[in-house]
Amino acid sequence: KAGVTQTPRYLIKTRGQQVTLSCSPISGHRSVSWYQQTPGQGLQFLFEYFSETQRNKGNFPGRFSGRQFSNSRSEMNVSTLELGDSALYLCASSPGQGRGNEQFFGPGTRLTVL
Amino acid sequence: GEDVEQSLFLSVREGDSSVINCTYTDSSSTYLYWYKQEPGAGLQLLTYIFSNMDMKQDQRLTVLLNKKDKHLSLRIADTQTGDSAIYFCAENNAGNMLTFGGGTRLMVKP
Chain A
911 KAGVTQTPRY LIKTRGQQVT LSCSPISGHR SVSWYQQTPG QGLQFLFEYF SETQRNKGNF
971 PGRFSGRQFS NSRSEMNVST LELGDSALYL CASSPGQGRG NEQFFGPGTR LTVL
Chain B
-15 GEDVEQSLFL SVREGDSSVI NCTYTDSSST YLYWYKQEPG AGLQLLTYIF SNMDMKQDQR
45 LTVLLNKKDK HLSLRIADTQ TGDSAIYFCA ENNAGNMLTF GGGTRLMVKP
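So the protein sequences, as listed, match chains A and B. Quick note on my numbering: the first sequence kicks off at 911 and runs consecutively. Quick note on my numbering: the second sequence kicks off at -15 and runs consecutively.
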């Protein structure tokens, strides 16, 4: 099976712009979660989507949003970018049934905000 | 909120065993995970343990869980230079939400 893919791998934006990141989960997986990784805050949970519905949400401002399509692919959007949004954004794929499923991560999208 | 804590750094010699420790606070966590991250890469799932288990062994990896003390450890036997990376423990909260520790940087000296 192919692994989790994320596009693009690298992105450079300027403050005030918006950005859309994409994640394709492992075939058959219905849950996609997004995480932000920064040197200062570490790995922080953004949100989880399961069967096109947001199931959990982390403590991030409303500028961060996401969605999931019927084929389980997911996108996350960040509007009005700030310098502090520079980070590695990781998505994780899992079968999604109940808690404790194995979660497999993609290689991430490195976003730089100038 | 829940906090997961790890020591920052561990240095070992090639061929020795490495033990990476983690403490967590959410007693309702059902699963606990270990991930490995190499420079410029995403997270690689190494192993996980169900909370009703005390130990899990998978080739060179041994996970020990002390639920009373909320302490988790990862032992890597016969550590190799390719094991040099950052190791994260994580606990499973609501749904598939994971709370991660800050990561332990393992350096393996030849």
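Everything labelled a hint here was simulated from the structure, so no lab data went into it. One or more hints might be untrue.
[Claimed, not checked] In silico DSSO-like pairs for lysine-lysine, Cα to Cα no more than 30 angstroms straight-line: (1) B:LYS93 with A:LYS967; (2) A:LYS923 with B:LYS20; (3) B:LYS40 with B:LYS20.
[Unchecked claim] Label-pair distances were calculated between CB atoms; the ranges are: (4) B:ASN50 with A:SER980: 25 to 33 angstroms; (5) A:GLN927 with B:THR14: 37 to 45 angstroms; (6) B:GLY24 with A:SER961: 14 to 22 angstroms; (7) B:GLN43 with A:PRO971: 27 to 35 angstroms; (8) A:ARG940 with B:LYS40: 37 to 45 angstroms; (9) B:GLY24 with A:GLU992: 35 to 43 angstroms.
Glycine residues also receive a C-beta, built at the ideal position from the N, C-alpha and C atoms.
Hint by hint, here is what the structure shows:
1. B:LYS93 with A:LYS967: Not satisfied, since the Cα-Cα distance of roughly 41 angstroms exceeds 30 angstroms.
2. A:LYS923 with B:LYS20: OK: A:LYS923 and B:LYS20 at ~29 angstroms, within 30 angstroms.
3. B:LYS40 with B:LYS20: The given pair, whose Cα atoms are some 17 angstroms apart, holds under the 30 angstroms limit.
4. B:ASN50 with A:SER980: 25 to 33 angstroms: About 44 angstroms separates the Cβ atoms of B:ASN50 and A:SER980, which means 25 to 33 angstroms is violated.
5. A:GLN927 with B:THR14: 37 to 45 angstroms: Given a distance of about 40 angstroms, which is inside 37 to 45 angstroms, the answer is holds.
6. B:GLY24 with A:SER961: 14 to 22 angstroms: 33 angstroms Cβ-Cβ, so the 14 to 22 angstroms window is violated.
7. B:GLN43 with A:PRO971: 27 to 35 angstroms: violated (43 angstroms)
8. A:ARG940 with B:LYS40: 37 to 45 angstroms: Since A:ARG940 and B:LYS40 have Cβ atoms about 26 angstroms apart, the given range 37 to 45 angstroms is violated.
9. B:GLY24 with A:GLU992: 35 to 43 angstroms: Given about 24 angstroms between the Cβ atoms, the range is violated.
Of the numbered hints stated above, those contradicted by the structure are hints 1, 4, 6, 7, 8, 9, listed in ascending order.
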